[in-house]
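Whole structure, please, built from the sequences with the hints as guidance.
There are 2 protein chains.
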Amino acid sequence: MHKRSYKIAIIGAGNVGTHLVKALEYAGHPVVEVYSRDLRNAKQLTLGSYNAKATNELDFSKSQAEVFLIAVKDDAIEEVVREIVLPERAIVAHTSGAKPLSVLQYLPNDRGVFYPVQTFSKHKKINFEQLPICIEGDSEATVQVLAELAKSLSSSVYIVNSEQRKALHVAAVFACNFSNHLIKIAKDIVVTEEMNFDILKPLIIETIDKALITSPEQSQTGPAVRRDTSTISTHLAFLKGNEELQTIYQVLTESIMETYE
Amino acid sequence: MHKRSYKIAIIGAGNVGTHLVKALEYAGHPVVEVYSRDLRNAKQLTLGSYNAKATNELDFSKSQAEVFLIAVKDDAIEEVVREIVLPERAIVAHTSGAKPLSVLQYLPNDRGVFYPVQTFSKHKKINFEQLPICIEGDSEATVQVLAELAKSLSSSVYIVNSEQRKALHVAAVFACNFSNHLIKIAKDIVVTEEMNFDILKPLIIETIDKALITSPEQSQTGPAVRRDTSTISTHLAFLKGNEELQTIYQVLTESIMETYE
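The listed protein sequences correspond, in order, to chains R and S.
Residue numbers for the first sequence follow numbering that gives the first Met the number 0, beginning at 0 and rising by one.
Residue numbers for the second sequence follow numbering that gives the first Met the number 0, beginning at 0 and rising by one.
Heads up, a few of these hints could be off.
Unchecked claim - With a cut-off of at most 30 Å between alpha-carbon atoms, the simulated DSSO-like pairs for lysine-lysine come out as follows:
1. 123(R) x 209(S)
2. 123(S) x 124(R)
3. 209(R) x 124(S)
4. 209(S) x 21(R)
5. 42(R) x 21(R)
6. 209(R) x 121(S)
7. 61(S) x 123(S)
8. 121(R) x 209(S)
9. 209(R) x 150(R)
10. 52(S) x 42(S)
Claimed, not checked - Per label pair, the in silico range of CB-to-CB distance:
11. 36(R) x 150(S): 49 to 57 Å
12. 260(R) x 63(S): 46 to 54 Å
13. 259(R) x 124(S): 26 to 34 Å
14. 60(S) x 226(R): 22 to 30 Å
15. 242(S) x 37(R): 43 to 51 Å
16. 193(S) x 220(R): 27 to 35 Å
17. 47(R) x 128(S): 37 to 45 Å
Unchecked claim - Some chain R residues near chain S, calculated using beta-carbon distances under 7 Å:
18. 166
19. 172
20. 177
21. 179
22. 183
23. 211
24. 217
25. 219
26. 243
27. 246
Don't read these hints as lab results, they were simulated from the structure.
Quantities reported herein were computed from a predicted structural model and do not represent experimental measurements.
Cβ atoms here follow ideal geometry from the backbone N, Cα and C, with glycine treated the same way.
If you want it as structure tokens, here you go:
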């Protein structure tokens, strides 16, 4: 199959922008412009590229780019939208999981969302091939172009509307932000008792492994699902004096008990 | 260094017992007896072994074993303790994370705990070399024997008293049982909106990776730590009608906000 290559402009030189530039060029799409408010950031990103021009101006009226990907922080999208000038025929998409498609509504272009479902750090490699990318577009044609672009990076491309993407974002808060916080709580408990956090790590890895390979329902263990009220009481007594942790323990224990009635 | 080999008896042919038999034999310790209430389970475990004898009787007065490892379910430990007859010189240890050393107090032997910090499934391989094993003993000598045994299986051996082990257990409930439940909640949200749970998996894996490789404090992301109250309100509105999830969302969001003040 002949793969179409698209000329791309990346707006934003942060974590997402950095990874997108590399992945898109690697997939054969010339990145022709990289924008950052701070020109130095944009320049650093274009260093290894044949085509890319760094810029700190949002007037792209003369740009050759066919697809503009806005990869700035959520709060900065609206400002970019107010100031950016795009060539008429270009498609513009933002890359945010939290913002609806409608934040782009005042742009006269074809609009969409190109949302890679991952947490990016600048210096940590990401395997794009397995990376879910969620696409939304204001028309079939826009969806098709963005999906084609996504498929050239990843085998895991989903068409997801704004309402679904909001659900995905809420779900990610539960599965990622909150889980991370529970791991922090566990670390604190272990360290307070003069043990090494390393003791817990293989158990955490295996738990998550099981949840993802089989299913979290099948792999639920612990005193709550066993209805082992004597252990639960022991644990709550252990947490005495820390109301916050007691509350978290109780709320999640009750939720598990209600789930597996 | 010359490694001492110990003759072992395993009491219990469940998940932990199964993995212990294999790991101990592999490390050069002959497993001479395997007990299960159901003789067939014990027999299945001794099938591949040169030395091991299967039994469903708890009279070990004539056993050659030097170390008895009780690997039955937490609730069954006390019953085993009441019924078991041990050779005088043998060390006896239980393998439970939740039970104190004192559950063995009525046995006239040297007593200890040999607790592998992992969640075992019968048919999933476990890498014992990296597996934390927590040791406790009623004397220096007991600790030394059990620690030596543990070190022949794993490079990650810790001396941990009953109070610390209780803390470890509480910590594991937060980091593992509760995280697993949050992943289940996330899955439900995603599936309800007709999306595939697979969309979330790479994000979950990367989140846990970061938490364990750097630290959960450094990798906390999301609306709570950003104090992004507008996103938090949007999420709570999305969860409208599900009081349980709203409560979990609120309690964990407040806890994150208080942690990163």
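Quick rundown of the hints versus the structure:
1. 123(R) x 209(S): Status holds; Cα separation ~10 Å.
2. 123(S) x 124(R): 29 Å, holds
3. 209(R) x 124(S): Judged against 30 Å, a Cα distance of about 12 Å means the pair holds.
4. 209(S) x 21(R): 21 Å, holds
5. 42(R) x 21(R): Since the Cα atoms of residue 42(R) and residue 21(R) sit roughly 14 Å apart, the hinted pair holds (cutoff 30 Å).
6. 209(R) x 121(S): Satisfied, since the Cα-Cα distance of roughly 13 Å is no more than 30 Å.
7. 61(S) x 123(S): Violated, because 34 Å separates the two Cα atoms, which is more than 30 Å.
8. 121(R) x 209(S): 13 Å, holds
9. 209(R) x 150(R): Cα-Cα ~28 Å, so holds.
10. 52(S) x 42(S): 8 Å, holds
11. 36(R) x 150(S): 49 to 57 Å: 56 Å, holds
12. 260(R) x 63(S): 46 to 54 Å: 48 Å, holds
13. 259(R) x 124(S): 26 to 34 Å: 27 Å, holds
14. 60(S) x 226(R): 22 to 30 Å: About 38 Å separates the Cβ atoms of residue 60(S) and residue 226(R), which means 22 to 30 Å is violated.
15. 242(S) x 37(R): 43 to 51 Å: Given about 45 Å between the Cβ atoms, the range holds.
16. 193(S) x 220(R): 27 to 35 Å: 29 Å, holds
17. 47(R) x 128(S): 37 to 45 Å: 40 Å, holds
18. 166: Hint holds; residue 166(R) Cβ to chain S Cβ min 4 Å, cut 7 Å.
19. 172: 5 Å, holds
20. 177: Result: holds, 5 Å to nearest chain S Cβ.
21. 179: 5 Å, holds
22. 183: Hint holds; residue 183(R) Cβ to chain S Cβ min 4 Å, cut 7 Å.
23. 211: At about 5 Å, which falls below the 7 Å cut-off, the nearest Cβ of chain S leaves the hint on residue 211(R) intact, so it holds.
24. 217: 10 Å, violated
25. 219: 6 Å, holds
26. 243: At about 6 Å, which falls below the 7 Å cut-off, the nearest Cβ of chain S leaves the hint on residue 243(R) intact, so it holds.
27. 246: 6 Å, holds
Hints 7, 14, 24, counting from the list given before, are not met by this structure.
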